[in-house]
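Kindly generate the complete structure, drawing on both the sequences and the hints.
So the sequence lines, in the order shown, correspond to chains A and B. If you read the first sequence in my numbering, its first letter stands for residue 16, the second for the next number, and so on. If you read the second sequence in my numbering, its first letter stands for residue 16, the second for the next number, and so on.
One should not assume that every hint holds.
For identical chains, the list gives no copy identity; a pair is met inside one copy or between any two copies.
Claimed, not checked - Derived DSS-like pairs (lysine-lysine); straight-line CA-CA distance at most 30 Å:
| no. | residue 1 | residue 2 |
| --- | --- | --- |
| 1 | Lys296 | Lys126 |
| 2 | Lys296 | Lys129 |
| 3 | Lys227 | Lys129 |
| 4 | Lys81 | Lys107 |
| 5 | Lys227 | Lys44 |
| 6 | Lys308 | Lys296 |
| 7 | Lys336 | Lys296 |
| 8 | Lys319 | Lys129 |
Derived from the structure by calculation, the hints contain no laboratory data.
2 protein chains.
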Amino acid sequence: MHILITGAGGMIGRKLIDRLVRDGQVGGKAITRMTLHDYAAPGKPAVSYPVATSGGDVSLPGEAEKLVKDAPDLIFHLAAVVSGEAEADFEKGYRVNIDGMRYLLEAVRAKGNKPRFVFTSSIAVFGGDLPDPIPDDYHQTPPNSYGAAKVVCEQLLADYTRRGFLDGVGIRFPGITVRPGKPNAAASGFYSSIIREPLDGKEAILPVPLTKRNTHASPRAAIGFLIRAAEIDGARLGLRRNLNMPGVAVTTGEQIEALRKIAGDKVVARIRQVPDEVIMKIFPNESVRFDAKRALSLGFVPDKDFEEIIRIHIEEDRGGKFVQ
Amino acid sequence: MHILITGAGGMIGRKLIDRLVRDGQVGGKAITRMTLHDYAAPGKPAVSYPVATSGGDVSLPGEAEKLVKDAPDLIFHLAAVVSGEAEADFEKGYRVNIDGMRYLLEAVRAKGNKPRFVFTSSIAVFGGDLPDPIPDDYHQTPPNSYGAAKVVCEQLLADYTRRGFLDGVGIRFPGITVRPGKPNAAASGFYSSIIREPLDGKEAILPVPLTKRNTHASPRAAIGFLIRAAEIDGARLGLRRNLNMPGVAVTTGEQIEALRKIAGDKVVARIRQVPDEVIMKIFPNESVRFDAKRALSLGFVPDKDFEEIIRIHIEEDRGGKFVQ
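Below is the structure:
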């Protein structure tokens with residue numbers, strides 16, 4: 016099986032590659048080849064099968080054709096401009112998040128080998144008046160350009176699938192928490208920062224109220240979603256190719272209490288509340304959670320609770336240690 | 016007020032122009048200028064104010080800029096490839112229905128005058144498992160490429176509105192019935208043909224069961240929707256810029272009985288049932304109707320019943336007569 020990953024150099028991309036290398040197979044089929052792409056060429060994993068890496072902008076004409084020239088059997092399209100950046104730079108957001116997807120879909124259609132195409136969408140497709148929890152058949156009214164682009168891509172994915180050009184599965188990631196490393200330009204970055212920075216001995220800013228609830232998945236659970244999306248029988252999805260993923264729904268206050276349980280008061284004391292109107296405008300909903308019945312019945316598995324999410328971060332990204 | 020209409024040469028376009036010429040104003044503002052566009056240049060109405068007409072393909076780069084060069088205050092974007100054609104010619108459907116919209120939105124954004132932008136979407140955005148009736152907040156899972164393109168455009172419209180580039184209102188037309196003139200390439204054309212052709216003394220084919228229910232609006236009601244969409248206070252819509260329109264929900268059997276009441280058995284006898292698998296696959300749902308609560312509360316007015324829809328056709332398109 017030949018696997019193509021776009022956005023392979025990002026946090027999710029790198030963790031996905033680690034998992035694929037460890038597993039050696041997807042859905043019982045041995046991995047025999049990888050094509051890894053990102054804006055800057057990603058590193059090569061140490062494996063016995065061929066791995067091609069390349070750097071470039073997938074939203075430029077001609078780039079996508081190069082990526083699929085050897086007809087990958089499985090595509091993970093992770094490349095995207097994140098929410099804060101898409102809001103700040105309208106044109107770049109549309110170019111990368113919409114045109115990039117369209118070029119890749121068209122290249123796959125032209126190639127004609129009908130691969131499984133896993134697309135990472137987001138809970139940012141939901142906004143406006145939201146029921147609590149959000150049912151699977153709720154309409155998409157994104158509150159930002161990032162979410163709007165995700166809905167557009169979901170629709171293209173579903174239509175290309177229906178037309179028989181590929182076999183698409185779109186998964187709407189909850190917030191990925193705890194995101195390791197430096198803060199990125201995602202406006203939702205604070206959900207991770209308030210855990211990661213204090214564990215690193217640094218101060219973190221909480222820009223929203225303690226009562227604001229969001230749904231989270233650890234990077235490990237998110238990689239599990241991607242693998243499940245790659246393996247699942249597409250016929251079970253019918254026309255509805257895009258799925259709300261299950262997650263752990265907690266308020267920022269509950270996040271902080273979970274951190275206190277694991278790391279103590281001194282770590283929690285590094286969090287400062289500084290309300291930010293811009294961020295609250297990008298995420299205006301007080302509670303965002305999902306029943307995710309369909310995904311649960313289709314075998315997508317969430318983390319157990321937010322403490323588990325913090326433990327996964329400490330184990331996977333901090334070598335089991337944190338700054339007391 | 017300067018009004019731009021794309022697809023101005025089509026059936027809805029021509030009836031909209033007639034209405035605008037008759038009214039002389041929209042929302043209390045006098046019409047002072049029109050720009051009318053279609054693939055082939057549409058005819059000029061006899062009015063005292065300037066009317067520019069042009070022909071061309073709005074899905075080609077540069078065309079949209081020409082249309083908005085004089086900063087229209089109100090845009091009706093009606094131009095589209097219909098469902099049957101979009102299903103038969105994938106590339107043309109995407110080019111006209113998606114790229115055409117994108118170019119026009121971009122031209123409006125570049126111009127910077129933030130016009131009211133009325134977009135005609137369709138109930139084809141709904142498919143798969145549908146509740147009966149469909150509530151306003153139901154998700155969009157289009158069963159065909161035409162519907163997929165409409166969802167994409169709705170999302171672009173809402174995002175451009177949210178970003179402050181224009182003031183968009185998208186209206187999801189029910190089936191427009193009775194469509195006058197020759198059958199077009201819409202796969203849904205039979206809903207009109209089974210009324211129009213028998214009234215014209217000709218045989219008509221019913222390709223679906225008598226129990227299949229759809230929601231209809233007369234061209235006159237549809238024009239009413241467009242005018243209401245042009246006039247409404249955008250602030251009342253919030254993030255949800257795309258609205259299910261109200262209509263008359265009847266089965267094809269009920270359509271035929273309404274025809275019998277108005278025109279008699281001899282006219283009805285001209286309808287022949289010939290099941291068509293291709294058409295049933297494009298419209299797989301047994302019943303498509305809406306509560307349309309939001310649109311009703313916002314002042315969009317449907318026809319009274321299907322008999323009224325037939326009478327409007329006889330009056331407006333047949334000079335009050337039909338072939339007994």
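Which hints, by number, does the structure contradict?
Numbers 3, 5, 7 and 8, in rising order.
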